[in-house]
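There are 2 protein chains.
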Amino acid sequence: MATAASPHSILLKTPSTATPKAVFPVATRLPTAALKPISIRCAATTQIQDPRPPPPPPPAAAQERVCNFAAGPAVLPENVLLKAQSELYNWRGSGMSVMEMSHRGKEFSSIIQKAESDLRSLLEIPPEYAVLFLQGGATTQFAAVPLNLCRPDDPVDYLVTGSWGDKAFKEAQKYCKAKVVWSGKAEKYTKIPSFGDVEQDPDAKFLHICANETIHGVEFKNYPVPKNKSGLLVADMSSNFCSKPVDVSKFGVIYAGAQKNVGPSGVTIVIVRKDLIGNAQGITPVMLDYKIHADNASLYNTPPCYGIYMCGLVFEDLLEQGGLKEVEKKNKNKAELLYRTIDDSKGFYRCPVEASVRSLMNVPFTLEKSELEAEFIKEAAKEKMVQLKGHRSVGGMRASIYNAMPLAGVEKLVAFMRDFQARHA
Amino acid sequence: MATAASPHSILLKTPSTATPKAVFPVATRLPTAALKPISIRCAATTQIQDPRPPPPPPPAAAQERVCNFAAGPAVLPENVLLKAQSELYNWRGSGMSVMEMSHRGKEFSSIIQKAESDLRSLLEIPPEYAVLFLQGGATTQFAAVPLNLCRPDDPVDYLVTGSWGDKAFKEAQKYCKAKVVWSGKAEKYTKIPSFGDVEQDPDAKFLHICANETIHGVEFKNYPVPKNKSGLLVADMSSNFCSKPVDVSKFGVIYAGAQKNVGPSGVTIVIVRKDLIGNAQGITPVMLDYKIHADNASLYNTPPCYGIYMCGLVFEDLLEQGGLKEVEKKNKNKAELLYRTIDDSKGFYRCPVEASVRSLMNVPFTLEKSELEAEFIKEAAKEKMVQLKGHRSVGGMRASIYNAMPLAGVEKLVAFMRDFQARHA
Chain U
1 MATAASPHSI LLKTPSTATP KAVFPVATRL PTAALKPISI RCAATTQIQD PRPPPPPPPA
61 AAQERVCNFA AGPAVLPENV LLKAQSELYN WRGSGMSVME MSHRGKEFSS IIQKAESDLR
121 SLLEIPPEYA VLFLQGGATT QFAAVPLNLC RPDDPVDYLV TGSWGDKAFK EAQKYCKAKV
181 VWSGKAEKYT KIPSFGDVEQ DPDAKFLHIC ANETIHGVEF KNYPVPKNKS GLLVADMSSN
241 FCSKPVDVSK FGVIYAGAQK NVGPSGVTIV IVRKDLIGNA QGITPVMLDY KIHADNASLY
301 NTPPCYGIYM CGLVFEDLLE QGGLKEVEKK NKNKAELLYR TIDDSKGFYR CPVEASVRSL
361 MNVPFTLEKS ELEAEFIKEA AKEKMVQLKG HRSVGGMRAS IYNAMPLAGV EKLVAFMRDF
421 QARHA
Chain P
1 MATAASPHSI LLKTPSTATP KAVFPVATRL PTAALKPISI RCAATTQIQD PRPPPPPPPA
61 AAQERVCNFA AGPAVLPENV LLKAQSELYN WRGSGMSVME MSHRGKEFSS IIQKAESDLR
121 SLLEIPPEYA VLFLQGGATT QFAAVPLNLC RPDDPVDYLV TGSWGDKAFK EAQKYCKAKV
181 VWSGKAEKYT KIPSFGDVEQ DPDAKFLHIC ANETIHGVEF KNYPVPKNKS GLLVADMSSN
241 FCSKPVDVSK FGVIYAGAQK NVGPSGVTIV IVRKDLIGNA QGITPVMLDY KIHADNASLY
301 NTPPCYGIYM CGLVFEDLLE QGGLKEVEKK NKNKAELLYR TIDDSKGFYR CPVEASVRSL
361 MNVPFTLEKS ELEAEFIKEA AKEKMVQLKG HRSVGGMRAS IYNAMPLAGV EKLVAFMRDF
421 QARHA
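Same order as they appear, the protein sequences are chains U and P.
Numbering of the first sequence is given in full-length UniProt numbering, commencing with residue 1 and proceeding in unit increments.
Numbering of the second sequence is given in full-length UniProt numbering, commencing with residue 1 and proceeding in unit increments.
Hints were generated in silico from the structure; no laboratory data involved.
Warning: the hint list may mix true and false statements.
Note that identical chains are pooled: a pair holds if it fits in a single copy or bridges any two copies.
Lysine-lysine pairs mimicking DSS-like chemistry, simulated, CA-CA at most 25 angstroms apart [as the list claims (entries may be wrong)]:
(1) K229 to K179
(2) K244 to K170
(3) K378 to K329
(4) K332 to K346
(5) K174 to K291
(6) K229 to K346
In this text, all values refer to a predicted model and were calculated from it rather than measured experimentally.
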């Protein structure tokens, strides 16, 4: 890359492999004696090598991410997504994707074992509980729980605080004598009763609750003591799983679809006390039998491997954040900000849920001027805040603010809400 | 970065942001007149900027991929994996991952609809069939099929050609009067009978086959005509799904776990004639009821979204290859090469399966000198050929050579096999 030199410039001749073309003017001080002009040429003999490692793949710029308030599947932690992306083609030198691994090979074994171990740490799961990674969603567990725990004639109590508890009850009726001992339906699922007011059946095999109602935004802050002879409490924790600490020992069974707080859809986690396993009804499909899965460490058949891997990355991330106490603090902070914005709006925004049971995860609200709701959704979407429409059975708006929704996302939403109100007062 | 200069070297002073440290000796020719020595320092005033765009993520070098003969989950097409990797963080400008999408949003709707549409094209599925994307594996279908198609007292015929058909039979016994009308067990599952020899029950509700036995490597090349009054044939096609054309109209139900030929684990595809839907037994869990899923286009609850997306990428890839006729040609070519190597080995290698029913997908074989099998596995693994161990219930070796196993992989295996034989003759 030599070019004509002016007397006082030195041109760097670089090896042809290096693209940069650099011209370096030279500051010279020469004696002013009458000398012949000289020209000097620099010849680089050392090849320029960039010692830096190749840059990582350019992440989609942060500004390209939407602010995703979907109720599930839902936002996942960015660092988890980037990590999954970087190792999708070749997982940690194995020469294959997690999606291609034999579920019985050593690589995937390490993945599922670490996922279970991390989950046990997060929730402080006592050793007398089995942890199962299953397919079929919470909806399959609506059947699996009574099939595994009951005889067809066993009474079972359902405390129904929203539509998911109601669905669980309806499915259970096929397999046991399920009974609703309390329902919030008359008040449009905006409350949880004082537990003393709930008349439980002492002969019931278990009491079932939905710990967090995704559609109605109603969350148990503490749990009823089961008054049945087995002393069993069962909870669907799909939409607040791993959002806060839980005393697992209070429960006989906890189940959760992963696709709210802990992973993509297709994985359902079941935490079941081991002594409850092994008496499934004869009509139980093998894939719904806890014993089959517990005896085979969730590998009776091919588990949902990639989903389990993603859950494992999320569990690691939660532990790195300091565990569920820390996560709960963040969730309380985010939720408080949003509910305060609603409550301080002088009725422009309204959340119908009784204050003491408002969910940290799902925040339903309406506009006093309901005719503005479509515009609200549309304008929010223009600002890249999406999935704010309320569930089709309820209408209005709903912001789901799971673990992975950053505080900045909620701040953006409340700023928008205040501005929207100001423009439509 | 200035350092002491020798008279004839010029040191480049670069801005501190640029890491490369370059020293450029200078070739000089100075007049030999008695001049004072001069020293010249180059001061770079132009910052070195690399005008090249950031390099694309370095793909894992082709040589880093192992040759993966696993039976499922199994090898996936490289271009599919790379595409999935590139869009994992941000799918096509949506600002979110497929794993974060609401299953009812427009983005995922487009994904699942395209996947279904492409599958219908691939298999030429007639419009009177529903296509369902479910969770639960083929193992759940072992229960779902009789629950949906039969009353508990209905006789049903099972033609058992391997352990998967046997498992389907055992599960079905909970839900119908299942009967084995032929079993290959006595001959260690190495045959398929002449269909005329199989005595079917004219009152049977359906005849069930496993179209390709993954463990035993036995594949139906044509199908029995059902002799029952409903005229229904049902097939588990998990391990040869989309490996060759199929006349769907011959079947009442086809089901397949995706994790052999078409995707990761966690997705089960069910193709069911619509008129068979709607009479599920009362004890059927809602998640096993074809009507619920058909009425809701697989969105009754949250489907396994990422798995469906991956299947969609695979379907696109199969169509780009020219469809299932082309894919079948490749599979026949690969299988022929491997079986010929086995058959030409003068007994060093043996495949027990009767030649006319040898699977194009799963090739079980043993070594005459069985004491060499561990060494075979070990040496193959050194050559990056993995998962060649036979199923634990059978022993020996097994090479699964699904669609995504390239011909080069099979060529590599047979070269190794010939060399291994030469060294151990």
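Going down the list of hints, with the structure as the test:
Within a single copy, K229 and K179 get their C-alpha atoms as close as 16 angstroms, which meets the 25 angstroms cut-off; across copies the closest is 42 angstroms, which misses it. In this assembly of identical chains, the alpha carbons of K244 and K170 never lie at most 25 angstroms apart, being 28 angstroms within a copy and 43 angstroms across copies at closest. For the identical chains of this complex, K378 and K329 are neighbours neither inside a copy (31 angstroms) nor across copies (51 angstroms), given an alpha-carbon limit of 25 angstroms. Proximity of K332 to K346 under the C-alpha cut-off of 25 angstroms is restricted to the intra-copy arrangement: shortest distance 22 angstroms within a copy versus 72 angstroms between copies.
Within a single copy, K174 and K291 get their C-alpha atoms as close as 21 angstroms, and across copies as close as 17 angstroms, so both meet the 25 angstroms cut-off. Proximity of K229 to K346 under the C-alpha cut-off of 25 angstroms is found in neither arrangement, the shortest distances being 48 angstroms within a copy and 70 angstroms between copies.
Violated hints, listed in ascending order, are 2, 3, 6; each of the other numbered hints is respected by the structure.
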